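J.: Sequence:
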Amino acid sequence: MKKCSFYSLFANQCLANIGDTLYIVAVISSIYAITRSAFISSLVPTAITLSMMASGIIFPLVSTSVSLTHILTFSQAAKVTFLCPLAFQLLHLGNVNITLIFSMITAIAFMDGFAQPAASSLIPSYVEKHLLAKANSLMDGAFQILGIGGWAGGSILLTYFSPLIILTLSIVFASLSVLTMLLMKSVPIVHENERSSVFEKLKSGWKVLIGIPLMRTLSVMDIFETFASSAWISSIVLVFVEQVLDVSTAWWGYINTTFMIGLLVGSFVCYVLSNHVNQNPQKLIVLGALGGAITTLFVAINRSPYLLLLLSMTVGIFSELKSIPQTTIIQKFLPASKIPEVYSAINVIYTGTFALSSLLVGLVSQYWGISKVFFISAGLLFGVSFIAYKNSDKLSIN
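Counting in this note's numbering, the sequence shown runs from 17 upward without gaps.
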């Protein structure tokens, strides 16, 4: 039953991932077609990030009284419910209420903010501890393949079909993801703080992150890495392609694709080396951060678009070599009752840090030059590798 539940969860997340990608492609292209404003279109990821951050904050309140499988089912069903009126809005492009569209985007993202920590927390319940590294690698690898195919496929579909048809496909995939929940075993979580006050429940995950040396170290590393990874957001890469490399914007797509291929290769390496991930996760974390730092430094000084394709793929590989062992450490170290609360706090840290870092790298690129963004990113990753090396004893949980 455990094996069946894990593969059902795997299918659920794959279908939901495809649906989300198609939905974002359809919405951003529709809003741009309606407004002809790049600024308003860029508000879509901002609205999504802030909404997911809000639901991540209150997730511990829900997870103390509702099973994770029910949370996942409800959040994905609610997304389908909001996608349908959104499709109806796009049916009348000439008379669209932008405020209403953004309200629905916000509601869908809010539901996603519950789905992500719930799905991540279910993995340790469906997989034996010694197989967690393989399970995380399989999940990450699939998401990279779907990311490459989803964005490329969504863009191609957009040249032949209307955003409404693409959004309809998104609804189909989202609906199928809900159906896969029927094959998953319900996993009620026994919480230690069922009678705690609302405030105590809200801060429970944060207490773990701050109070336990291992989790505190991982959190600091996450913050540094999130700031570093913001150098690779699409808008920064696009400016780098145009201003530094001085090549056509087609290279923007090539670089994004090779980066995602690197993530896929890194996931495969971790899958093959799953025993090493289980036994010596700290070594891979140090290697991943240090390798990413050195490669990013070469990106900052590089002026060849062909070499940048190789470098961007290498950065993606090293990124996965760090993140998958780190995820496995959290899942093995924490008791089941704490995992949802901690993932909730981690998601809030990630979304908040990413929103802030996206703003800061934009300012750095504007006033100091785009290459400085990658120099800063490299410096932050050197910091991550140093923290990981100095705390190797904490990161080794065997």
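It cannot be assumed that every hint is accurate.
Cβ pair distances, simulated, as ranges [to be verified]: (1) VAL263 to LEU372: 38 to 46 Å; (2) PHE177 to GLY378: 47 to 55 Å; (3) VAL236 to ALA70: 21 to 29 Å; (4) LEU116 to ASN291: 49 to 57 Å; (5) TYR48 to PHE402: 21 to 29 Å.
These are calculated hints, taken from the structure and not from any lab test.
These figures come from a predicted structure and were not determined experimentally.
For every residue, glycine included, the Cβ atom is placed at its ideal position computed from N, Cα and C.
J.: What are the numbers of the hints the structure violates, in ascending order?
T.: Hints 1, 2 and 5 are the ones this structure does not satisfy, whereas the remaining hints hold.
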